[in-house]
Structure formats: structure tokens, C-alpha cells
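Peer 1: Sequence:
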Amino acid sequence: MSLKQLPPESRPREKLLARGALALSDAELLAIFLRTGLQGMNAIELADHLLKQFGSLRALLSASQAQFCDYKGLGPAKFAQLQAVVEMTKRYLAETMKKGDALTSPENTKQYLSSMLRDRHREAFYVLFLDNQHRVVEDEILFEGTIDAASVYPREVVKRAMQHNAAALILAHNHPSGIAEPSDADRRITRRLVDALALVDIRILDHFVVGDGEVVSFAERGWI
Numbered sequence: 001m002s003l004k005q006l007p008p009e010s011r012p013r014e015k016l017l018a019r020g021a022l023a024l025s026d027a028e029l030l031a032i033f034l035r036t037g038l039q040g041m042n043a044i045e046l047a048d049h050l051l052k053q054f055g056s057l058r059a060l061l062s063a064s065q066a067q068f069c070d071y072k073g074l075g076p077a078k079f080a081q082l083q084a085v086v087e088m089t090k091r092y093l094a095e096t097m098k099k100g101d102a103l104t105s106p107e108n109t110k111q112y113l114s115s116m117l118r119d120r121h122r123e124a125f126y127v128l129f130l131d132n133q134h135r136v137v138e139d140e141i142l143f144e145g146t147i148d149a150a151s152v153y154p155r156e157v158v159k160r161a162m163q164h165n166a167a168a169l170i171l172a173h174n175h176p177s178g179i180a181e182p183s184d185a186d187r188r189i190t191r192r193l194v195d196a197l198a199l200v201d202i203r204i205l206d207h208f209v210v211g212d213g214e215v216v217s218f219a220e221r222g223w224i
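Numbering-wise (this note's numbering), the sequence shown opens with residue 1 and increments by one.
Hints listed in this document are in silico derivations from the structure and should not be mistaken for laboratory results. C-beta atoms are modelled at their ideal positions from N, C-alpha and C, and glycine is treated no differently. Incorrect hints may appear among the rest.
Unchecked claim - For each label pair, taking beta carbons as the anchor points, the in silico distance ranges come out as:
| id | residue 1 | residue 2 | range |
| --- | --- | --- | --- |
| 1 | Thr96 | Arg13 | 23 to 29 angstroms |
| 2 | Lys159 | Cys69 | 39 to 45 angstroms |
| 3 | Glu156 | Pro76 | 37 to 43 angstroms |
| 4 | Asp26 | Gln133 | 34 to 40 angstroms |
| 5 | Arg155 | Asp119 | 27 to 33 angstroms |
| 6 | Val85 | Asn108 | 34 to 40 angstroms |
| 7 | Ser10 | Ala185 | 48 to 54 angstroms |
| 8 | Ala23 | Ser151 | 41 to 47 angstroms |
| 9 | Pro76 | Ile224 | 44 to 50 angstroms |
| 10 | Pro176 | Thr36 | 22 to 28 angstroms |
| 11 | Pro76 | Gly55 | 20 to 26 angstroms |
| 12 | Ala18 | Glu144 | 26 to 32 angstroms |
When you get a sec, could you build the whole thing from the sequences and use the hints?
Peer 2: Have a look at this one:
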């Protein structure tokens, strides 16, 4: 059955306009993006099929061009469109976070850090540099590889913080294993950084560890 044959309240676009995006399933949202289906398969059915093939919406969004275009009905044009949507989402989260106090919306901060770090195949050590109003003035990945005392250099973090005239920092790194639980090494390097930055009167407000579906906050654990 084509989408036009469905009652209006069951068509994804009409449903979104009437009830809002939260009312739609992953398949319905994807169907709006796809716009058309294939022979014998409407857009919702195609979307549902793709989600089952990739395993999840996240897996589809993070697929490589070769993986994405390997499926009938998907090509470079749709891949480019989808990547544009993903990038716009990241920029929206970044802009939302940077406009205000990074600590007033911890969930926004977690969402942003998750979007930046979750799908990386290597560990990345990410720093948000904040002014004295806790607004983000700069953010960057300082180190990549295994995050431990041997690969994160407090002197370099202090140097970059002073270059950005930061009053405080928020640290983050990902666990490619998908398990967000901080390791003993994570706690040791955090303590070293807290001590090093305290010498130049710069505070570390939090350290987030990003996993597959969870983001752990050191501050919420009482470790900072």
C-alpha cells in the first residue's frame, strides 16, 4: 500500500505536523527523509527494512558511504543529505550549549559530548574551555589513543587552558568498548589534572566518560 492510500493521520508527514516529531517512530521519521519507497515497498516499509538491516537508527546514521550505498534505493545523494542532517544536529547541540552556562543544562552538555565522541573508534580526550561565567569559549580534542597517565599530559592541558584564557574546564573522553564506567586510570589522570590546573587557579568542573548509551559524570559521582 502506498503512503497516499493510508489515512492522513497515519502518514508520517501529516502525523508530524499534527502531533509533533516525538509522536513518530524511528521508521516514520526515516520515511520522511527517504520520501519514496521501492517497488512493492512504501517509504515506511523501506525505512523499517533498513533499520532492521543496519540494526538501529544510530548504526544507519553512522554508516560509511560504502555501507550506506550498498542498499538498493540508497545512493550518494541520500548519503550526502543524511550526513548533512547529522552535522546540523551536532552544530545545533554545540550552539545551544555555547550560548549559555554549560552547567545549567547538563543534559545538553551530555548530548553534545555524546554526539561528538560516542562513535569514535579510538579514545579521544576532549576539553571544553570555559570563561568565568561558565560559557564555552573553545573546545577541542587534545589527545587521541589510549587515555591514561602516559598519554594525557597535564602540562599541555594547562598550556592550552591559559592560551584560551579559560577560568574552568570540562573534560570528556570516550570508551570505544561502549562501557562508560570510569577506570582507575581515568580517575588518576583526572586527579593529576585537577592538581596541575589548581596551581594556575583554573578549576575542572567535571569529567564525562562517554559510552555507547550512557555518559558518566565525575561530578555526579562526587569525584570532583
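Peer 1: Give a verdict on every hint.
Peer 2: Results for each hint:
no. : hint                                : in the structure
1   : Thr96 x Arg13: 23 to 29 angstroms   : holds, 26 angstroms
2   : Lys159 x Cys69: 39 to 45 angstroms  : holds, 43 angstroms
3   : Glu156 x Pro76: 37 to 43 angstroms  : holds, 40 angstroms
4   : Asp26 x Gln133: 34 to 40 angstroms  : holds, 38 angstroms
5   : Arg155 x Asp119: 27 to 33 angstroms : holds, 30 angstroms
6   : Val85 x Asn108: 34 to 40 angstroms  : violated, 19 angstroms
7   : Ser10 x Ala185: 48 to 54 angstroms  : holds, 52 angstroms
8   : Ala23 x Ser151: 41 to 47 angstroms  : holds, 46 angstroms
9   : Pro76 x Ile224: 44 to 50 angstroms  : holds, 45 angstroms
10  : Pro176 x Thr36: 22 to 28 angstroms  : violated, 36 angstroms
11  : Pro76 x Gly55: 20 to 26 angstroms   : holds, 22 angstroms
12  : Ala18 x Glu144: 26 to 32 angstroms  : violated, 46 angstroms
This entry does not satisfy hints 6, 10 and 12, going by the numbered hints stated previously.
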